[in-house]
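A.B. asks: Residue numbers (numbering that gives the first Met the number 0), protein chains in the order written: chain A, 0 to 671; chain B, 0 to 228.
These are calculated hints, taken from the structure and not from any lab test.
Heads up, a few of these hints could be off.
Unchecked claim - Non-contacting residues of chain A with respect to chain B, defined by C-beta distances greater than 10 Å in every case (computed):
hint: 1; residue: Asp-50
hint: 2; residue: Arg-65
hint: 3; residue: Ala-158
hint: 4; residue: Asp-233
hint: 5; residue: Gly-251
hint: 6; residue: Phe-254
hint: 7; residue: Asp-352
hint: 8; residue: Arg-372
hint: 9; residue: Ala-394
hint: 10; residue: Trp-427
hint: 11; residue: Ser-574
hint: 12; residue: Val-616
hint: 13; residue: Leu-624
As the list claims (entries may be wrong) - Stretch by stretch, here's where chain B covers chain A in the computed footprint (C-beta under 8 Å, at least three residues):
hint: 14; region: 162-169
hint: 15; region: 648-657
For every residue, glycine included, the Cβ atom is placed at its ideal position computed from N, Cα and C.
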Amino acid sequence: MVLAPLLSGLALLASPSARGEEDEQETAEEEIVVEEPRARETPAQVTLDRDALEAFPASSADELLRAMPGLHLSAHGGHGKAYQYFVRGFDAVHGADLAISLEGIPLNEVSHIHGQGYLDLHFLPTVLIRGLDLWRGSSRPEAGDFALAASADLALGLADPGLLVEAGGGTDRSGRGLVTWRPAGGEPEDFVVVEGEAGRGVGDHRAFRQVRLAGGMGGWLGSVRVRAFALGYDGTFESPGVVREDDVSSGGMDFYGAYPEAGGGRSSRLLAGLKVGRSVADGGWHLLGWGGLRALELRRNFTGYARYPDHGDGVLQAQEGQAAGLRLRGRRGLKGIGSMLEGGVDVRADRFDQREQGLNPDGTVWVERVDARVVQGAAGAWADLGLDPWPWLSAEPGFRVEALGIRLLRRIDDAGATVAHPQPADSWAPVLCPKVRLSLFPDRPWTAFATWGRGFRSPEARGIEDGDRAPVATADTAELGLRWGAPAASLTLVGFHTTVSNEIVFDHAAARFLSSGATRRLGGEAVAGLEPFSWLRGEAEVTWADGRYQASGEALPYAPRWLASTGLYARRAWSQRRVSGGLRGWYLGPRPLPEGFYSHPAFVVDATAHAEWRQWVLDLEVDNLLGTRWRDGEFVYPSWFDQSRPESELPVLHVTAGDPFAIRIALGRRFS
Amino acid sequence: MSRALVLACVALAACGGESRRSLEVPVHLVGSEATTFQGSGGAEVRLERAILVLSDLRLESPPAEARLRLPSPIRAAHAHPGHDFSGDTACELLGTWDLDLRSAEGLDAGSATCLEGDLATGRVRLSAEPALDLAGVVTLAGGAERDFHFEVPLDEEVSGIPIEVRLDADAPPSRLELAASPATMLSWSDWSTEDEDQDDLLTLSDGVLGNTVSFGAVSTASFTLDLDE
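This is chain B alone, in the form it adopts within the complex (with noise of 0.2 Å):
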């Protein structure tokens, strides 16, 4: 009788569902193997030093994915929060590292635990001060060249930065890759702006600079995530 019963269980356990898997995805931030770059205005810039201090790297599932996964027709209850949305992070490490854009190698930031299923979009946040911190020389269209140096400070996320892939934990990728671009970052920055304070260095107080180079640094643009089979 017990033994029967013992079988009727796992035979209804059986019949269940098996719950989303977790699995682990190194991840490699990486900048750009290239010091110099063509700039607005046919300006050559040449960057001397590129630091990145990136934090809390989170990848998410899609929007209408995580809609259709509404925990419960009875949303209005206040009952407990899984009646409420339960947000739709997949993937996430957590820390803070200090990345050269201008290092070929980049950094392994760690692992980052991920839930299996579908990924749209990934998400970093930038928070010190300075959060980037880019120098070097700018050649302009006339052959004039004009030294630069901004430290942004910044306490802000960048969102959407899009990867449209799909994790199996039974085939893991080797690898999630984040790539920052400082010359996307720069690519807003007018280099003909007038030096203001006349120090001979074109920093954040300069024009417009301050303005387009933190754009720049926050610009889903200046990101690609992707994923290594």
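Chain A with its partners taken away, still in its complex shape (with noise of 0.2 Å):
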């Protein structure tokens, strides 16, 4: 009922009827684009079109957000597990904490088996990303659930034109085979993919399968713009799982090694969007159809035998089910008072199986720890008004509104108070995410900024009790910048200021969700480019990000403290040849972890080249140039791997290794 009036409010500011006869008569010889409105520009972010992301070094789509400052990601799970983020302080698990979008649908899978938000960009063919918008904070309204510390939006589409094959493969046991088609005439969003890929990976237990098919087109019914597209994926993956640092300094275990229970899994997803659209000089709307299937097989076990002796601690976590949503998007700018309003409404709904397992090392199950069907939904909406009332000043205020509603409908919890019976748990929150930009001499070389917003992460439907409101994560962020800006050159510096007002745990034994207080986040970014040529472009950047409980002042675990990378970036372009790259290393600093650990400190240099002559193509690949040996994914906990020694209680740190030196090439062909 409270969406009501917007939505009617919406419609209406969206619609071009309500502009009358003559003025739709006017804009529609005014339509000059296709895409969907998009929303000004905002200091905190980073957009990089298909030829930036074809010289920025990344094997998977995932990988491409590391061009986000302050972002890093661990892929401690080997091909085909989501990755680990972490942004500005918050270490955002497999993005809780992290909201990506694709062409607008939310990727994040809400109460997900393995964690909350999980993330899983396997799926997307990194050919088929044509545009990458990234935002750090929470100050953008259109981002809804989870987006606490940073969201970014991929856009779909193949930047050639014609049929290309091409095949490779690489020095990791790998290999690739890749065949795309956009129609000559089409637009980018005309287009076929398949693509497959497979590897036995460097060390052990890290081989993996994956398939991907893309196809989308789109076509004008009068004056609006259509546009479908469907993805489908399927990939199983063995996953290296940690080693114990103390086995491998010992020689009983090799860095790139795995313990024989170390996990894998399966990982399937299809999704299909239908948008329609239309865009105008000043302003327009799009309407976003979206729905998709999903099921996700899990094995891993980090602990051996710690927990249960007699069994292993193996854990089969499964999950599968379906998503659909709605969203709608208008702008229109408001004449005489010099602004644009911008707004949208999100519906979503979710329902999904999920279910957690205890397996014997054969792999046979010995307990069942989580059944659980779960129906969840959101509905939100949002709006921003962007007013320039003087040159010297911008201001964007606005807001985000948003109701969660979730239904448990059956579950036996892991503290082993098994329900016999479906006994349905229903509970639901509101939340007002409040959000405003400013912009000081917009329009002069030397820019001020100061923002402000609210984000939130919605609970996980196993934590919930019948009748209690949702506990939602809040998370309100400030920050301030100055951004520099001339014809070849650009530098950013940006402090920021977050603070989760109460973080919440979700607590085994009890199976609820527990307070463990407030916590803060305090860092700074400096981001500073520069393009000597049109053909070359350079970035560095550093991020400091500081994160404590409240209370104690402990520091959070997990999040880097210290982020830095520096690239290199060029791209030439002739007649009938082509050729781009880039080099791009990045430095991470000790992180801390539980029980008073640190990481290991990590430089790794990665390198990508493109080329094409004729009707020739060459791509090339380079992980980690410099062969560091470097530790991806570091944890501490006890752990009881090998039965013939006595069981330590001793936290240790646990390990698993970062990708080695890996070169990988392809070579294709373009069919006209």
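If you follow the hints, you should be able to join the two separate chains into one complex; please do so.
C.D. replies: Here you go:
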């Protein structure tokens, strides 16, 4: 009911008929773009087009997110499991504090069995990512659930027309085949992509296989642009898990080794979207309907036999479900007061079954821990008013309001309280997130800006109690910054402060959420860019973030304090030739870990190159150019993998080896 | 350029924290020098045999400190155990030792591996049949003497033994001492209890001795932990 006036207001705002027929006739000839209306750029925003993405070293869609200053990701689960994300003092685990969307479709999976906001981008062919917008902070009204630390949106499209057939392999014992097709005269949104990858990886227990299919098309229905796309993915993978650092240092385990109990999994996804929209010079509207099927099965054992000496600590987590949603966006210039009003409505529904089982070493199930069916829904609306009252001031007040509803249909939880019959539990919560962005001297080379915004994270369904208000986590982030821009250089300095009013944690024994108190993050970013020639671009960035519990001052574990990167990117094109490439090094400083430990620092350099000559295409990717032996994942806890030795309860360091040096080459041919 | 990069990395690394260090601490187990002590009801207890089988000594960080080490704001994630509570054992010596509680010298059990920081409590496992073997003579207040022999099978952990100290890897302690007191173990025993099987020997099957001696053996009060600086 609350949303009804908003919806009708938005429809009125966005509807061309509201402007009158004359106006409509005029603006029909003014259509200049087919993209959905885009919000104003913000100082904490990074936008990469296809050319920039092609030159950015990344072996998967997830790794493109490294372009966001202050973001680090870890692939400790092998090729197929979601990455672990760290951003601005948050350990976003597998996506809990980082909201990612594809053409506006939210990709984070709510209440996922493996972690809230589970974010797996393996289903996306990198060749199909046409653009990437990255926003730090939570001042963007459009961003909804999980946008506590940052958010991003990926745009789909195939850059080059014609048929491309490409195949290659790498020293990491991997192979890849790719076929793309875009009809001559077609738009980037007209595409067919088939991609297959398989490999054994360097080291033990790292094999994987992935198949991706994608198709899309667009066209006009009168003055309305219609676009449809679908993506399918299936992948299996082994996960090396972790090895004890003391086993590696004693020579009992290879750095790239794996225990026999290490896990793996299978991931499948089908996602489809239908977009209709109309953009005109002073605004536009855009409607997206989407739906998807998803299945994930994960096996893991990070502790050996420490918890269950008789069976082992192997765990199977599985989730299968469907999701669908609607997304409406509108934008309109308000003549006379020099402002722009943007707004939108999002509706999402998820339904899924999830289970967690204890596994014997032979893979058989010895205990059922979780068996739940969840129906979860969210409806949100947002608005953002861009005001330019004076030439020296730009102000954008905005808000987002969201209503969350969760129904837990049945459960058997790991506290041992078995529920024999379906026992529904219902919970709901409203969320209001005010936002504001201010820019001083927005048209000058030096611009000062300040932002404030609240982001939120929905609770995990398995932690709710019937009738309770769902415990939503909110984070308030304030930013102050300066940006200097010149034709060939730029510099952005940002300071940020984030408070999370009440961190909530899930207690396995009690099977419910517990409060762990208020936390804060304080940090700063410096991002410098240099473009001495139109074909050459350099970037360097440093981020510092310090996260602590407010009451105790204790450091929040896992999240990086120091993260730095520098990159050199080049692209030149001639009539029948094209060369692009990038060289990027990143430094990850020591991270606080539980039990008073710190992780090892790492410095890794990756490179990529792409060359086209007439109909021939050559792709080159180099992982870890310097051959650094670095630790991708580091965790501290007690474990017991070798039962011939006494069981120790002392917490020790466990590591997952980072990718070693590897070269992958692919050769392709275009057919017009 | 590369030198500048290396220097920058070193400078950034210096801004990071230092991991909690580990240290080795020799562990000494000791009983009671006194073989004769006062029991309940004015009885005088004289030990002729007193063997305690101990295993796996562990010391723990304060619970509050451990609580503050919640590893992630997103603990709801089942992603990996690093996101669960990691356990708060900070010092550990694994093994099994037969300790003669009448020996003033005690025995060296080996070196415990410890992590520096605050300690609050300790625990040790009593797991053998018998874990406690006590024999001797008790002289009651009236002058009567009674023989006793308690063979106590146990499979329990004695937890919560207080030790409020801080371990510093720069100033490691010379010794950690775990003392077990047979006097305390037997302090709950009623020596005037009836010899139910009339075999002229007090055993666990007589009266409530089975309960009180077993209780005393696993009582936290029967053990003390101390660090020698």
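A.B. asks: Decide, holds or violated, for the assertion that all CB atoms of chain B are farther than 10 Å from the CB of Asp-352 of chain A.
C.D. replies: Holds, because the least Cβ-Cβ distance between Asp-352 of chain A and chain B comes to about 16 Å, which exceeds 10 Å.
A.B. asks: Holds or violated: is the Cβ of Leu-624 of chain A farther than 10 Å from all Cβ atoms of chain B?
C.D. replies: 13 Å, holds
A.B. asks: Once the closest CB in chain B is found, is it more than 10 Å from Arg-372 of chain A?
C.D. replies: 18 Å, holds
A.B. asks: Is it correct that the beta-carbon of Arg-65 of chain A has no partner in chain B closer than or equal to 10 Å?
C.D. replies: 17 Å, holds
A.B. asks: Over 10 Å to the closest beta carbon of chain B is the bar; see if Phe-254 of chain A clears it.
C.D. replies: 19 Å, holds
A.B. asks: Within the region 162-169 of chain A, is the number of residues with a Cβ closer than 8 Å to a Cβ of chain B three or more?
C.D. replies: violated (count 0)
A.B. asks: Hey, is Trp-427 of chain A genuinely clear of chain B, shortest beta carbon separation above 10 Å?
C.D. replies: 18 Å, holds
A.B. asks: Classify the label on Asp-233 of chain A as holds or violated, using whether its beta-carbon is more than 10 Å from each beta-carbon of chain B.
C.D. replies: 22 Å, holds
A.B. asks: Hey, is Ala-158 of chain A genuinely clear of chain B, shortest beta carbon separation above 10 Å?
C.D. replies: Ala-158 of chain A is indeed farther than 10 Å from all Cβ atoms of chain B, at 33 Å.
A.B. asks: Would the non-interface assignment of Val-616 of chain A survive a Cβ cutoff of 10 Å against chain B?
C.D. replies: The assertion about Val-616 of chain A holds, with a minimum of 32 Å to chain B.
A.B. asks: Using a Cβ cutoff of 8 Å, are there at least 3 residues of the region 648-657 of chain A near chain B, or does the coverage claim fail?
C.D. replies: Holds: 4 residues of the region 648-657 of chain A have a Cβ under 8 Å from chain B.
A.B. asks: Please settle this one: Ser-574 of chain A was flagged as non-interface, so is its CB more than 10 Å from every CB on chain B?
C.D. replies: 35 Å, holds
Figure legend: structure checked against the earlier numbered hints; the only hint not met is number 14.
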